[in-house]
Every structure is written in C-alpha cells, then in structure tokens.
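Novice: Chain by chain, the residues run as shown.
Number of protein chains: 2
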Amino acid sequence: MPRAGRRPGQPGTRELILSTARAMFAEGGFDKTSVRSIAAAAGVDPALVHHYFGTKERLFLAVLQVPIDPAEIVSHVAAGGAREVPARLLRTFLAAWDDPVSGPAVVALLKGSFQHEWAARLLREFLITQVLRRVSAELGLEDAPLRFSLVASQVIGLATLRYVVRLEPLASAPSEVVVRAIAPTLDRYLLGPVA
Amino acid sequence: MPRAGRRPGQPGTRELILSTARAMFAEGGFDKTSVRSIAAAAGVDPALVHHYFGTKERLFLAVLQVPIDPAEIVSHVAAGGAREVPARLLRTFLAAWDDPVSGPAVVALLKGSFQHEWAARLLREFLITQVLRRVSAELGLEDAPLRFSLVASQVIGLATLRYVVRLEPLASAPSEVVVRAIAPTLDRYLLGPVA
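So the sequences go chain by chain: A and B.
Residues in the first sequence are numbered from 1 upward in steps of one, following the working numbering.
Residues in the second sequence are numbered from 1 upward in steps of one, following the working numbering.
Calculated directly from the structure, the hints in this document are not laboratory data.
Wrong hints could be hidden among the right ones.
[As the list claims (entries may be wrong)] Okay, the calculated bits of chain A under chain B, using three or more residues with CB under 8 Å as the criterion:
{"no.": "1", "stretch": "106-113"}
{"no.": "2", "stretch": "118-124"}
{"no.": "3", "stretch": "167-175"}
{"no.": "4", "stretch": "183-190"}
[What the hints assert, rightly or not] Here are the in silico distance ranges between beta carbons for each label pair:
{"no.": "5", "chain 1": "A", "residue 1": "Thr55", "chain 2": "B", "residue 2": "Asp69", "range": "47 to 55 Å"}
{"no.": "6", "chain 1": "B", "residue 1": "Leu141", "chain 2": "A", "residue 2": "Pro174", "range": "18 to 26 Å"}
{"no.": "7", "chain 1": "B", "residue 1": "Pro169", "chain 2": "A", "residue 2": "His116", "range": "41 to 49 Å"}
[Unchecked claim] Anything over 10 Å on all C-beta distances counts as not near chain B; from chain A, calculated:
{"no.": "8", "residue": "Glu27"}
{"no.": "9", "residue": "Lys32"}
{"no.": "10", "residue": "Ala41"}
{"no.": "11", "residue": "Glu57"}
{"no.": "12", "residue": "Val66"}
{"no.": "13", "residue": "Ile73"}
{"no.": "14", "residue": "Ala87"}
{"no.": "15", "residue": "Arg88"}
{"no.": "16", "residue": "Asp99"}
{"no.": "17", "residue": "Ser136"}
{"no.": "18", "residue": "Gly140"}
{"no.": "19", "residue": "Glu142"}
{"no.": "20", "residue": "Ser149"}
{"no.": "21", "residue": "Thr160"}
Only a predicted model underlies this, so the values are computations on that prediction, with no experimental measurement involved.
Quick reminder that beta carbons are idealized off the backbone N, C-alpha and C, glycines included.
With the rest of the complex left out, here is chain A (with noise of 0.2 Å):
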C-alpha cells in the first residue's frame, strides 16, 4: 500500500502540490527549488507534479496565477526588434490589463507583493526567470537587468495609476494616447543614456 499521501488523484493532492511549490518557491527561488524537491516535501510522486502541472515553469505559473505564457508575450514584444518594443510591449500590456481574466491576474500580483513580503519575492522571481531572462536573450542588451527595472518601474506605475488609482487623464485615455506618451521613455530606458 502507498503512503496516503502518494495516491494520484485523491482530493487536494493538486492543492497540496500547489502550495507545497508556493512556500518552495518563495523560500528558495525559483532556480534552487526542483521538482523533485516539491513532490519530495508534498509527499507524492514526481511524475504526479508533472502529469498535474507539466514542466517546472509552468508550475511556477500555476503558483503565480498567471494566465499568460510569458515566453509567447517576450517573443512577441521582441519580434520587431528592439526600436519597436517600447509600443508593441505598451500595446501588449493594455490589451492584457483590458482582459477580464488577465487584467485581474496582474493586479492580484502586485496586491500581493504590497501584502506579503513572499508574494514579493515570488513576483521579483517571476520577473527575473521568466521575463529578463527571455528579454535579454532576444533583445541582447548591454546593462539589462538595470534597463529592464526601469522599464518594469515605469509599466508597473501605469498599471497601478490607470487600473487602482485610476487618476485621470491617464485612467481613462485611449490606448493610443498612452503609447505616445510613454513609448519614448521606454525607449531611453531599453537604448539611451540610463547609467
């Protein structure tokens, strides 16, 4: 007989799983903490993990309630090059924060990150592994991580003016009035003088 608490499929298990990765991850990064160690901790088999959640990443998702795959937004953001990421990237972001189930994902995020200090470290974890990383690969810049932290300050700060806040003008111009506006300054940030 196995152990209870390895049974495939009994009530909870993918709960448990859950929030086994959660405390893991917030613990010890996303880097450090595998698979293995998770399934070991919540008591079930790796296999199970995978058959639940599919690879480490996309668990990390599941963690993070993020609806979107942020390998397909990068590549996309990045496909013109990077003078045409300031707009596609806005673009993206608006058209996601518009979406009744990402819209909500986001600002879950950041109420968290304001909330608990491990939801914070899983939100930098987030940025870091899954985003920077892909940034820097497609986009290849000198001083990423500081170019790529202020272009997160600035998306960040109008998500959180337009969407919670919502002061106006901002709350309520269209799309195209905040890419105009905002555009250039994440250009200077990805390819000006920022040092």
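Put chain B on the given structure of chain A with help from the hints.
Specialist: Using the frame of chain A, we list chain B on its own:
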C-alpha cells in the same frame, strides 16, 4: 446636558471624527465634504473638529495618515522652476521613502488602494486636491492633469519596484543613479511633447 457624542475630550471622540471623515471624504470627495457636515455626522461640534485637527486639509491628511505637508513639499520641489523639478522631486521622494515614518506611510497608501476602492478614491482625491492643484499653481503647465498623471505613474512605479517588489539593481541603486536614469523621463512628462 449636551448629547453624549457632543462632549469634548471624551475618549474615542478623535477617532470617531477620523472614521466619520474617512467615510465622507471617500464617499463625497474632498471639495464637497465640509467640516460642518463631518461634525454633524459624528455628532460633535465643528469647533471640536477644528480643535483636534485644525483645517479641513489637516483633517484630510490625518485621515490618510500622511505625515508630510504637501504644500511644503510642492513649494520646495517647484522652487527652482520646472527644469529643476525632476531632480528635486526624485531626491525629495527618495529621501521621504528612506525615512522610517514617511516611507511606510507612502507604502500604506498604495497598499490600501489595492485593497479597498474607497482607499484608492482617497489617494486620488489627495493627488488631485493636495498635489496637482499646487503643482499647477506653482508651475502653470499646459495639459497639467495629463502631465501630472504621467509623472505620478513613473514615481509610483519607482516606489513600488524599489521598496515593495525590490527588483535589482533599481532596488539598491544609490539615489543619484536613480535621479540620472529617471529625471529625463519626468522632464519630458512635464515639459516635452506628450499628447
């Protein structure tokens, strides 16, 4: 005998005024809410509100638990003219965030906005009536609301990234590195083409 609620100095009177004011400012906004109406709703004499809090503006700042004087800050930041605002503003905010009293207060305002729509409304009212109006009066900018909301988006994003999400290298960068990287953004938002 006056009504119990009208007795000055009764324990809890100050807190009763504060919670009544919080609800009324959030519901009706700063301009449409008078000290007289707050006093009436709290069942106290208006003189008692003035005794505890001074002006309506001071009461509003007490509601928001903002331990700074926006009039003083705006006047200091604007003192050198519009061209000097970006660096002065960033240095002032970075110093305020590093301060053990005002730093947590700013974070608490943002955190509250993510948690409660009424808190977001109070922050909005604060930005418009206590900051934007003074900035407009001091600098006389065209398109002041759009320019102000763009500046606010970058400054709020910087606060979130540096102090809450703590993404490196922006989280630990010396103040002057932040000023060099971000001041040109604020300069364009205040004086450049944005619309």
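Novice: Flag every earlier hint the structure violates by its number, smallest first.
Specialist: 7, 20, 21
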